[in-house]
Amino acid sequence: MAALDRRHVFVVTLLALFALLPIAAQLADQPFYIGQFRRILIFAIAAISLDLILGYGGMVSLGHAAFFGIGAYVVGILNHHAAEETLFLGLLPGSRNVLITWPLAMLVAAASAGLIGLVSLRTSGIYFIMITLAFAQMVYFFFVSLSAYGGDDGLRFPGDTVIAGLIDTQDDIAFYYAVFAVLAGVLYLCQRMIESRFGLVIQGCRENERRMQAIGFPTFRYRLACFTIAGGIAGLAGALFAAHESYISPSIMHWTRSGDLIVMVVMGGMGSLIGPVVGATVFLLMEKLLPDYTEHWPVVFGPVLLLIVLFAKRGIFGWLRPREHRRAAP
Amino acid sequence: MTVLLFLEQMLNGLQLGVTLFLLAAGLTLVFGIMNMVNLAHGSLYMMGAYLCATFAQWSGNFFLAVLLALPVVALIGLAVEIVALRTLYARDHLDQVLATFGLILFFNELVKIVWGPVAIFMDIPPLLAGRVEFIPGAPYPVYRLAVLAVGLAVAAFLWWLITRTRLGMLIRAGAANREMVGALGVDIRLLFTLVFGLGAALAGLAGMIAGPLYVVEIGMGDAILIKTFVVIVIGGIGSIRGAFVAALIVGMVDTFGRVLPSAAGLPAALAEMMTYILMAAILFWKPRGLFPVMG
Amino acid sequence: MQRPDALLEVHGLTKRFGGIVASDELSLAVPEGEIHAVIGPNGAGKTTLIAQLAGEIRPDAGTIRFAGADLTHLPMAARARRGLARSFQITSIFRGFTALDNVAMAIQAHDGHSFRFWARARSDPRLREPARAILAEVGLDGRADMIAANLSHGEQRQLEIAMALATRPRLLLLDEPMAGMGREESARMVELLRRLKGRETILIIEHDMDVVFALADRITVLVYGRAIATGRPDEIRANAEVRQAYLGEDDHA
Chain R
1 MAALDRRHVF VVTLLALFAL LPIAAQLADQ PFYIGQFRRI LIFAIAAISL
51 DLILGYGGMV SLGHAAFFGI GAYVVGILNH HAAEETLFLG LLPGSRNVLI
101 TWPLAMLVAA ASAGLIGLVS LRTSGIYFIM ITLAFAQMVY FFFVSLSAYG
151 GDDGLRFPGD TVIAGLIDTQ DDIAFYYAVF AVLAGVLYLC QRMIESRFGL
201 VIQGCRENER RMQAIGFPTF RYRLACFTIA GGIAGLAGAL FAAHESYISP
251 SIMHWTRSGD LIVMVVMGGM GSLIGPVVGA TVFLLMEKLL PDYTEHWPVV
301 FGPVLLLIVL FAKRGIFGWL RPREHRRAAP
Chain S
331 MTVLLFLEQM LNGLQLGVTL FLLAAGLTLV FGIMNMVNLA HGSLYMMGAY
381 LCATFAQWSG NFFLAVLLAL PVVALIGLAV EIVALRTLYA RDHLDQVLAT
431 FGLILFFNEL VKIVWGPVAI FMDIPPLLAG RVEFIPGAPY PVYRLAVLAV
481 GLAVAAFLWW LITRTRLGML IRAGAANREM VGALGVDIRL LFTLVFGLGA
531 ALAGLAGMIA GPLYVVEIGM GDAILIKTFV VIVIGGIGSI RGAFVAALIV
581 GMVDTFGRVL PSAAGLPAAL AEMMTYILMA AILFWKPRGL FPVMG
Chain U
626 MQRPDALLEV HGLTKRFGGI VASDELSLAV PEGEIHAVIG PNGAGKTTLI
676 AQLAGEIRPD AGTIRFAGAD LTHLPMAARA RRGLARSFQI TSIFRGFTAL
726 DNVAMAIQAH DGHSFRFWAR ARSDPRLREP ARAILAEVGL DGRADMIAAN
776 LSHGEQRQLE IAMALATRPR LLLLDEPMAG MGREESARMV ELLRRLKGRE
826 TILIIEHDMD VVFALADRIT VLVYGRAIAT GRPDEIRANA EVRQAYLGED
876 DHA
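Protein chains in written order, with the working numbering: chain R, 1 to 330; chain S, 331 to 625; chain U, 626 to 878.
Calculated from the structure, these hints are not laboratory results. On a predicted model such as this, the values are computed, not experimentally measured, just so you know. Ideal Cβ positions, reconstructed from N, Cα and C, are used throughout, including at glycine. Among the hints, a few may not be true.
If you want a taste of the chain R side facing chain S, the calculated C-beta under 10 Å gives, among others [to be verified]:
#, residue
1, Arg122
2, Trp255
3, Pro303
From the derived model, a few chain R residues whose C-beta atoms are all more than 12 Å from chain S [what the hints assert, rightly or not]:
#, residue
4, Leu27
5, Asp29
6, Phe88
7, Ala111
8, Gln170
9, Ala174
10, Gly185
11, Tyr188
12, Gln191
13, Met193
14, Pro218
15, Leu224
Given the sequences, and given the hints that come with them, work out the whole structure.
This is how it looks when you write it as structure tokens:
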């Protein structure tokens, strides 16, 4: 059980470091890092949501960035209309109130995930991977075609989003803590969900879907629900990202972004919730820092990824796990 | 739309279709026989284009360049198979996705190092330059006709290979039932390597002949790769016949999808969406594609 | 042959795979409380029969009635909820879960819907207590917290039976529960089945004739997808057609 404690220590330490980061950055007179790490926390949320379907549900989706992008666009479009004082589709006014825009982003992303899941989850194996990828491309090109919102070039909007009259997203530190709070909330809620009856059903489907059906679970609806929830959380991350950047463009849902998310989840350790947080941190720091040494870092990183897959599948957080808690080899 | 324009677009659609088929033929076999997801297939397409462009610059002859580049791409494919993919066959799909995603990063950056970030424009070989009045009143580029001919020739060759040879028999058997081929006493590793080499050569060839038509640039393989996936999935994974039919369908839908919306005043990106909507529709009714291979 | 009060009634079941007929106008009835064995040479269509009963394979023709209702077109999970439980020929368990989790999952399947996102399932006595009881019943009480993949083959087979029992089935479909077991493990499994006799209704496929004749109330003999005989063990033993088609050519025990 010592190893289990080690894991708890690790999680608490990591979260504490994230909590203290803005103060440290201020003291070190490097406020630049606050924005950098806010971005990391946002992607950590997206990676957690992917891990729900990938690590816990065993569904290899190669289109998760689409839901992230949809969430971002909901916020971007509503902010844009609020700033321009125009109506969305000539019907709905825009909004800058995150109590409206963020839940709406979640809702739209979840609904899209529900629809896409409805078709995709009828298939399995390679078909599922290819279909999620193809749907993500469809969404990508949909936003490319939206010339009213910048098309390919994306859309910049005034970034003075105010959180419930309390927190201004222009305020670097306040916004950082808002994102941190969302991350902590997502972590806690997902942890509860994973240990709930629903969570066990999802993990049972990963282990042996045929068995699940044979003991009486209509597995499709549970997997669809999981896919939808994951899409919604990814949408929330996208909403935060839009507020973070004050800019949206289709490139945030390019299929390679979906690939990056998978890399984050696996590198950090899938099938744990803190793993994706670690993975997102390491991946994005690498992406930021390695180009200082060589601009050609992908030529090294690509083969490293291959080696990780071949030899270190448990991921960084996986090394901290006690052996009996690791997934047995199939 | 006039009849002439329609016919011309139809030829364009066919030509895109056969290009997609060159990519899809090898990949559908890799997917089907080895039950393997290979995202790096588009990298071989890109390597084919770059190698061909370089050899063409050196030799000044496009055809010689193709002849030189083909075996090199096949060798790169074999090297990738032996070094990286072979160990992945037994792994789950997620491992394969990740590892081959890593290969894409590697190849894209490698090309940037060797050839630089600037796109290369290839000339159409003089022998195939110009247009013929293939359809009276609508002169059509000779080179595109040549691409069409190459694609159809490869399709015919594959048809012969798959239906008329022992190797083809093993490939078909492998797509339907892997264990059976192993039980026949065939060296399945060698069969996999051969199939992969063939697929690599075809993908490289597709890149080479696409070079003069489009632009030779980094990431060129990624965009067409996803269309190739659509083709394979629509056709049914493991089915060459399905890949051929689906490639032509996707080629047509994509080409007409580009012409029709702009004629109707709709954004061009809708064309890109059309292909995926088609795929979703087909898979909704037939989750294993149009020509499912019995497993 | 058809009894009006039979729990399971199969009538005219037919399934073809290409040119091979796996089930050929197959009819059988299993009354409540009976252990009904299905025997037959390899390729007789025994597993295909179970797969059709469980809902994994759709028959080309014929009907399956269970507890008075027509199940022929219901999916697997719906049949399981109505009380059909199955063990697989090739062990099918949740390998990464503990033995207790495996059984608790089966309990959960029959304890309302699972769209419950908050309460921790692993500390829910409604799931854990009956699961522990069933593990004890099949003799795995000492193994509750072991990861299923690390159990011995025989224990995994016992676990599979435990999962089937945990769904509180009205009919157990057991597909070669002793496949791949050593002598000692088999003896333990036979002992378990003997304890279930009279309490559960069971349709069992088994190769070991000693076990079949010792346990079964009635036996159906399948050859090339056809039921060539059904009857009590002594009737089957005496049946000339069966002896010729099956027992005679291979009197392994």
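Evaluation of the provided hints:
1. For Arg122(R), the interface hint holds, since its Cβ comes within 10 Å of a Cβ in chain S; the closest pair sits about 5 Å apart.
2. Using the Cβ-Cβ criterion of 10 Å, the hint placing Trp255(R) at the interface with chain S is satisfied: the shortest such distance is roughly 7 Å.
3. This hint holds: Pro303(R) has a C-beta 6 Å from the nearest C-beta of chain S, less than the 10 Å allowed.
4. Once the 12 Å rule is applied to beta carbons, Leu27(R) is consistent with being away from chain S; the minimum gap is 36 Å.
5. Look at Asp29(R): its CB is around 35 Å from the nearest CB on chain S, clear of 12 Å, so calling it non-interface holds up.
6. Chain S leaves Phe88(R) outside its interface by the beta-carbon criterion, the shortest separation being 18 Å against a cut-off of 12 Å.
7. Annotated as non-interface, Ala111(R) keeps its C-beta farther than 12 Å from every C-beta of chain S; the closest such distance is 16 Å.
8. For Gln170(R), the non-interface assignment is confirmed: its Cβ lies about 33 Å from the closest Cβ of chain S, beyond the 12 Å cut-off.
9. Against the 12 Å criterion, Ala174(R) stays outside the reach of chain S, whose nearest CB is about 36 Å from its own CB.
10. Gly185(R), annotated as away from the interface, keeps every beta carbon of chain S farther than 12 Å; the closest lies near 28 Å.
11. No beta-carbon of chain S is positioned within 12 Å of the beta-carbon of Tyr188(R); the least distance is around 26 Å.
12. The claim that Gln191(R) lies off the interface holds: its Cβ sits roughly 23 Å from the closest Cβ of chain S, which is beyond the 12 Å cut-off.
13. No beta-carbon of chain S comes within 12 Å of the beta-carbon of Met193(R); the shortest separation is about 22 Å.
14. Interface exclusion of Pro218(R) from chain S stands, the closest Cβ pair being 17 Å apart, more than 12 Å.
15. Every CB of chain S lies more than 12 Å from the CB of Leu224(R), the least distance being 14 Å, so the non-interface label holds.
Checked against the numbered hints given earlier, this structure breaks none of them.
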